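Take these sequences, add in the hints, and give me the full structure.
The sequence shown: position 70 = 80 (this note's numbering), numbered continuously.
In case anyone wonders, no lab produced these hints; they're calculated from the structure.
A couple of the hints might just be wrong.
Said to hold, decoys possible - With beta-carbon atoms standing in for the labels, derived distance ranges:
| hint | residue 1 | residue 2 | range |
| --- | --- | --- | --- |
| 1 | 71 | 254 | 18 to 28 Å |
| 2 | 46 | 202 | 53 to 63 Å |
| 3 | 370 | 140 | 51 to 61 Å |
| 4 | 239 | 202 | 17 to 27 Å |
| 5 | 117 | 252 | 49 to 59 Å |
| 6 | 202 | 133 | 35 to 45 Å |
| 7 | 192 | 154 | 48 to 58 Å |
| 8 | 90 | 247 | 32 to 42 Å |
| 9 | 17 | 199 | 17 to 27 Å |
| 10 | 43 | 106 | 27 to 37 Å |
| 11 | 71 | 34 | 51 to 61 Å |
| 12 | 350 | 281 | 18 to 28 Å |
| 13 | 154 | 199 | 51 to 61 Å |
Claimed, not checked - As a list, the in silico SDA-like pairs of lysine to any residue whose alpha-carbon atoms are at most 25 Å apart:
| hint | residue 1 | residue 2 |
| --- | --- | --- |
| 14 | 87 | 33 |
| 15 | 144 | 76 |
| 16 | 135 | 92 |
Nothing here was measured: the structure is a model prediction, and the numbers come from that model.
We treat Cβ as the ideally placed atom computed from N, Cα and C, and that holds for glycine.
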Amino acid sequence: MARHNLGTVVQFEFTRTVKKRRFWIATLAIPLLLGLVFALVFASSSSTQSRTEAQKSQTVDFSYTDASALIDPAIAKAMGGRIEADPDTAVERVKAGTLNAYFSFPASLVTDPVLVFGTDQGIFKNGTYDAVAKQLVILSAQDKVGSPELTGALQGNFDTESQTFKGGQPSGGLDTVVPPLLFLVLFYVVIILLANQMLASTLEEKENRVTEMILTTLNPTTLVVGKVISLFMVGAVQALVFASPMAVAFVFFNDQLAIPDFDLSNLQFQFLPMLVGALLFIGGFILFTGVLVSIGAVMPTAKDASTVFAPVMITLFIPFYIVTMVVSDPGSVIVQIFTFFPLTAPITAMLRNAFGSLDGVSATIVIAELFIFGVVALRVAVHLFRYGSIEYSRKLSLRTAFSKKS
11 MARHNLGTVV QFEFTRTVKK RRFWIATLAI PLLLGLVFAL VFASSSSTQS
61 RTEAQKSQTV DFSYTDASAL IDPAIAKAMG GRIEADPDTA VERVKAGTLN
111 AYFSFPASLV TDPVLVFGTD QGIFKNGTYD AVAKQLVILS AQDKVGSPEL
161 TGALQGNFDT ESQTFKGGQP SGGLDTVVPP LLFLVLFYVV IILLANQMLA
211 STLEEKENRV TEMILTTLNP TTLVVGKVIS LFMVGAVQAL VFASPMAVAF
261 VFFNDQLAIP DFDLSNLQFQ FLPMLVGALL FIGGFILFTG VLVSIGAVMP
311 TAKDASTVFA PVMITLFIPF YIVTMVVSDP GSVIVQIFTF FPLTAPITAM
361 LRNAFGSLDG VSATIVIAEL FIFGVVALRV AVHLFRYGSI EYSRKLSLRT
411 AFSKKS
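Now the structure itself:
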């Protein structure tokens, strides 16, 4: 009977949520906004690339002086330039509009800037002057070097292949870091998307004053657990919807959106880090769910609950203030405190697990801590829900609730 009731609660809560128009409005709003942003970035990237290529290939009518003796006159002529016969009046002629542009190349291009003067052609076309001056220097330098290999070396046009070792074995680098970090991303998505719904799910019946009727047919534990499972299912639906535009952008518009080239086939899904990440995710989810349900059980309205809800959610982001220390100095006191303090433990431990600084003993302690505190939080939430669900006008007294037997 209890199992049947649990299934009924999960089905009812999930169906009730996904049937609401505002749920789909909120769920689809973010993908639509992301799609709009991707479209704008795509259009801007295409326009910028076309403009840059046009500036590189465009010839400009200009004169120049070359104190560096680097500029090749033949290359300059091909780009529309000529040696300035009267440098003293060149700038004045540019101001008067009788000379289109004038470049002054200094004796040392390392210590002094190239002076570029030109007539105004608009904010975008004005960049052509700088582009032509830089291209002229690059082409002239390449011509003087006379070796494609040296030119490529000077410009950094070469690849490197690195191999690092840890414990005598080759380490995967970023390819081993990314997979465990997926649990951190998933944790943020689930908690941020579902936090308000977790809170509202325990307040909705309370504010509608129907909780006492529900509890006459359902055990509070069954009701709370059913709500938690249904919320997790709702979060999975939202996560899939939110991820769809990013997946489409990565697969079909990778180059246009300048997304970093990352070969997914090289990712290394190591068993222990993935297992630890999964357990940290589940334990953290149980803990935060218990805390949020408890808040909903104690507070009479969503407005009252928001004063406590905000500080709890802030703890999700506190570890990122010390993320550099988590990566570079995981043994520091502050990182250790964040690792073992229950509300900051999931994020900090997931980061350390991904970067390989969470040893087996620490991982075991944090996982056990999260599951123990999570189960305790859920049991407390059920107890508070039993007595706080009928407190419609005032906050439940914790002393009164815990003085009563379950």
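Cross-check of the supplied hints:
1. Judged by the Cβ atoms, the range 18 to 28 Å given for residue 71 and residue 254 is violated: they are separated by roughly 51 Å.
2. At roughly 21 Å, the beta carbons of residue 46 and residue 202 sit outside the given window of 53 to 63 Å.
3. For residue 370 and residue 140, the hinted distance range of 51 to 61 Å is satisfied, since their beta carbons lie about 56 Å from each other.
4. In this structure the supplied range 17 to 27 Å holds for residue 239 paired with residue 202, their Cβ-Cβ distance being about 19 Å.
5. The supplied range of 49 to 59 Å is met by residue 117 and residue 252, whose beta-carbon atoms lie about 57 Å from each other.
6. A hinted range of 35 to 45 Å holds for the C-beta pair residue 202 and residue 133, which are about 39 Å apart.
7. Checked against the hint of 48 to 58 Å, the pair residue 192 and residue 154 passes, with Cβ atoms roughly 50 Å apart.
8. At about 60 Å, the CB distance of residue 90 to residue 247 disagrees with the hint of 32 to 42 Å.
9. Restraint check, residue 17 to residue 199: a C-beta distance of roughly 26 Å satisfies the suggested window 17 to 27 Å.
10. For the hinted restraint 27 to 37 Å between residue 43 and residue 106, the CB-CB distance of approximately 50 Å leaves it violated.
11. Between residue 71 and residue 34, the C-beta spacing of about 59 Å keeps the proposed range 51 to 61 Å intact.
12. A beta carbon spacing of about 24 Å between residue 350 and residue 281 agrees with the range 18 to 28 Å that was offered as a hint.
13. Restraint check, residue 154 to residue 199: a C-beta distance of roughly 55 Å satisfies the suggested window 51 to 61 Å.
14. Of the pairs offered as hints, the one joining residue 87 and residue 33 is violated, with about 65 Å between alpha carbons and a cut-off of 25 Å exceeded.
15. For the suggested pair residue 144 and residue 76, the alpha carbons sit about 13 Å apart, so the restraint of at most 25 Å is met.
16. Taken as a hint, the residue 135 and residue 92 pair is honoured in the structure, with Cα atoms around 21 Å apart against an allowance of 25 Å.
Hints 1, 2, 8, 10 and 14 from the list above are not met by this structure, while the remaining hints are.
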